[in-house]
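Next come the chains, spelled out residue by residue.
Number of protein chains: 2
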Amino acid sequence: MTHDTLVPPLPEALVAALREHFGQRFSQGESKRLQHGRDESVHAPAPPQGVVFAESTEEVATTVRLCHAHKVPVIPYGAGSSVEGHLLAVRGGISLDLSGMNGVLAIHAEDLDATVQTGVTRKQLNDALKGSGLFFPIDPGADASLGGMAATRASGTNAVRYGTMRDNVMAMTVVLADGRIIRTGGRAKKSSAGYDLTRLFVGSEGTLGIVTELTVRLYPVPEAMSAAVCAFPSIDAAVNTVIQTIQMGIPVARIELLDALTLTAINRFSKTTLPERPTLFFEFHGSETSVAEQAEFVQQLAGELGGENFEWATRPEDRTRLWQARHDAYFACLQMKPGGRAFPTDVCVPISRLAECIHATNEDLAQVSIPIMLFGHVGDGNFHLVVLVDPDNAKDMQEAEWINERVVERALAMEGTCTGEHGIGLGKKKFMVREHGEGAVDVMRALKRALDPDDLLNPGKILP
Amino acid sequence: MTHDTLVPPLPEALVAALREHFGQRFSQGESKRLQHGRDESVHAPAPPQGVVFAESTEEVATTVRLCHAHKVPVIPYGAGSSVEGHLLAVRGGISLDLSGMNGVLAIHAEDLDATVQTGVTRKQLNDALKGSGLFFPIDPGADASLGGMAATRASGTNAVRYGTMRDNVMAMTVVLADGRIIRTGGRAKKSSAGYDLTRLFVGSEGTLGIVTELTVRLYPVPEAMSAAVCAFPSIDAAVNTVIQTIQMGIPVARIELLDALTLTAINRFSKTTLPERPTLFFEFHGSETSVAEQAEFVQQLAGELGGENFEWATRPEDRTRLWQARHDAYFACLQMKPGGRAFPTDVCVPISRLAECIHATNEDLAQVSIPIMLFGHVGDGNFHLVVLVDPDNAKDMQEAEWINERVVERALAMEGTCTGEHGIGLGKKKFMVREHGEGAVDVMRALKRALDPDDLLNPGKILP
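For the protein sequence lines, the chains are A and B, in the order given.
Read in my numbering, the first sequence has 174 at position 174, and its numbers run on one by one without any break.
In my numbering, each number is its position in the second sequence, counted from 1, plus 1000.
Hints may be right or wrong, so weigh each one.
[What the hints assert, rightly or not] To give an idea of the interface, some chain A residues facing chain B are shown, with a C-beta separation under 7 Å as derived from the structure: (1) P233; (2) S234; (3) A237; (4) A413; (5) T417.
[Stated by the list, open to error] Pulled from the structure, derived: some chain A residues nowhere near chain B, Cβ distances all over 10 Å: (6) H68; (7) G92; (8) D111; (9) T164; (10) K189; (11) Q247; (12) A411; (13) E415; (14) C418; (15) G439; (16) V443; (17) D455.
In short, the hints are calculated from the structure, not lab data.
All C-beta atoms, glycine included, are put in the ideal place defined by N, C-alpha and C.
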């Protein structure tokens, strides 16, 4: 996947102004540019023409205002962990590195919320919460920045219980395309006061405004937690256990599926001897009795559907050990094709279609030669494929594109979505009209024109 | 509160076209116009120039297209239960009555969702769900239409557990200002595919598009429910019980406060003998053991804070009887000033400020002569004042405006919102800039211009 990179050089006046404002924190050096012009995926790198390391909302506004005056694109950059080409400078411009904006500004323990700068990562926030009895649940795997997670509407393993970034961002400070600074939302738990600007910016991937601060919801650390792992004779049996658990309204905190090949990858990577069969990982949160009740229910259900080797853990160190395999999954998978790159994709379908969707996907997987692992957040109907390719091998890329197209088309035919949590970026633009229809995409274009008429904020992303 | 009602007569060509398309279902009769030009509040009536009774999305689109061609406003009308002047035709135009669009289109029990036409009311949906083991929780009091509830981002008594319409609308069919029909969202439980159009239309009060169908989340009927009522020596003691319950993460389904005067109103209205003191109403949902656990915890907490006369109920008929007083509250309050009208207002603050906010509000209430009752969904930090006035009495209206201004200003100073669930309509436009700032309101104006450049959809609402 390559890009049209014929862009005019940065205007000298802009370069001079950025140097004046940012000194050493503005760089046009090749290594900095390369580092900010590639992501975790197979998308061909597209380096920006310069990088600004901003340290405050005012500095973000200054950068955006200068770029706006010179009609130069601005691409926000958080932890660099997105996977659909979100941060590539496909039309040149300035990468605005926000990782230095990493201050936890306020923890309102009594209101169960915290306000942070955009570059704070989820682990950093949880470190800051130690001892408060509270935690921030959203866990997309990578130690992403909260601003980036908001921008891609991230979710992950425990969204089944705690929701996604859509549900957990209460307020934001946003810099608009012309450099104006606005506040959206507020700290009240609910409001009917006008248009929901917070939800408009969540998931807009830096194309409508740049998030510089955000207030997120926190949750009391549960009184009790327990974890479990269970192998199944077939992926259908595992998925049916998930479906029945969700349909019964059991408030599981996490319910994750890994397919057999993912277990093989984990055993090789972590030197473990887990059964190389479809496996579910569970986590339960609540009071002592409610956790025990949930766990008993799920164990019985899994047993009826053929689940074996149920392993339980309640002590923190045992839970961590049990879940380690799940946490290692992505990196373990990457080792299954030495020198290869990941072509990650994800879809999400209504839970009633999940078994059928995964079953048919497995039939597709049998038809290709490249290694593909399936795992995901099945409690939400969301799963991933990690497709391993040599990006220079045309057949690999052809197979990967075919699988991606197949799984997305199937999800859309089942009233699902082309991406449950990765976002659109560059990689899934071609599916936008198929998912939403021309009319809804036209509305999105109208919103983009209204807020960024010169198409300077992360141009070339989301909208086909 | 009066309006500028100098509007040109409807174009004859439009009248002819509406007659042709809708026959008897287009009316310019005075009684129909009056009925569609007033709401439950003190706002002076502003009748539309005609009423169309639409029965399908296509008919809504036809009406909007015709009005668009003639630059005539369209005001959607559901159950008529809004309270901030949302449905008043302040610039004339056509009231689009959607109450006939009352078909439950699909119940996907296995996916915990249902798709309905916009005019279906919450009680109608719950009737349709009988026997399915599922229910739709959002309960704003009135038997509002689901389309109207989406338009005002409604919530109510059990939002503390199940969220608001923001959280519970998954997908919509929307007619745009020029008559185009789009679909937003989908039936996947989560998605990162582009801008969140569903959340943009939820809470937009018919000013950006007209919702004609919607898919909403359903929940399994809990295995066990219990209800409780408890009187407190002071409003502070009651509020502190609420705050500690929420901060401990107890998943109460409902936690409602009624002040002493509201209890007086209920006793008079319902011939009951409840203690005329600040009172909390609780409801707990879950498994048998979890409900018992929650209830014990809250009873102990309430006891420590002076709560007395704890009354419990688990059987459905006993729960209904216990909660009857709460359900009667609004109508009971209206009887406290015979011939008067309600000037309802609501605010929402972070839970840590709730006690202080209500305490200070009570001091304000002591300074006015009109009867004012305070009750609300305190688990979310949301409470109402029902201010009773004679709209023709200038002193009444002055006192009511003063109280409204005081309570809103206080909520905003406490990082809260000028309305937790009623919406902006006409009544709270003046607070929009104070709450959101000029910049954010400008963004809202830009969105309105982008989607409704001629300002034809429910004009004069939300935006100052």
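Okay, the hints, checked on the actual structure:
Here the hint on P233(A) is broken, as its CB sits about 23 Å from the closest CB of chain B, past 7 Å. Given hint, S234(A) at the interface with chain B, is violated; its Cβ is 20 Å from that chain's nearest Cβ, farther than 7 Å. Look at A237(A): its Cβ only gets to about 18 Å from chain B, farther than 7 Å, so that hint breaks. Annotation: interface hint on A413(A) violated; nearest CB of chain B at approximately 12 Å, more than 7 Å.
The restraint placing T417(A) at the interface with chain B holds, with a minimum CB-CB distance near 4 Å, inside the 7 Å limit. No Cβ of chain B approaches the Cβ of H68(A) within 10 Å, the least distance being about 15 Å, so the stated non-interface status holds. The beta carbon of G92(A) is kept farther than 10 Å from every beta carbon of chain B, the shortest such distance being approximately 24 Å. Some Cβ of chain B comes within 10 Å of the Cβ of D111(A); the nearest lies about 4 Å off, and the non-interface call is violated.
Distance to chain B contradicts T164(A) as a non-interface residue, since its nearest Cβ pair spans about 5 Å, not more than 10 Å. Not every CB of chain B lies more than 10 Å from the CB of K189(A), the least distance being 5 Å, so the non-interface label is violated. Not every CB of chain B is more than 10 Å from the CB of Q247(A) (nearest about 6 Å), against its label as outside the interface. Look at A411(A): its CB is around 8 Å from the nearest CB on chain B, not clear of 10 Å, so calling it non-interface is violated.
Interface exclusion of E415(A) from chain B breaks down, the closest Cβ pair being 4 Å apart, not more than 10 Å. Consistency note on C418(A): stated as away from chain B, yet its beta-carbon is not over 10 Å from all of that chain's, at 5 Å minimum. At roughly 4 Å, the least C-beta separation between G439(A) and chain B is not larger than 10 Å, which violates its mark as non-interface. Non-interface status of V443(A) relative to chain B is broken: a Cβ of that chain comes within 10 Å, the nearest being about 6 Å off.
A cut-off of 10 Å between C-beta atoms confirms that D455(A) is not in contact with chain B; the least separation is 15 Å.
Hints 1, 2, 3, 4, 8, 9, 10, 11, 12, 13, 14, 15 and 16, counting from the list given before, are not met by this structure.
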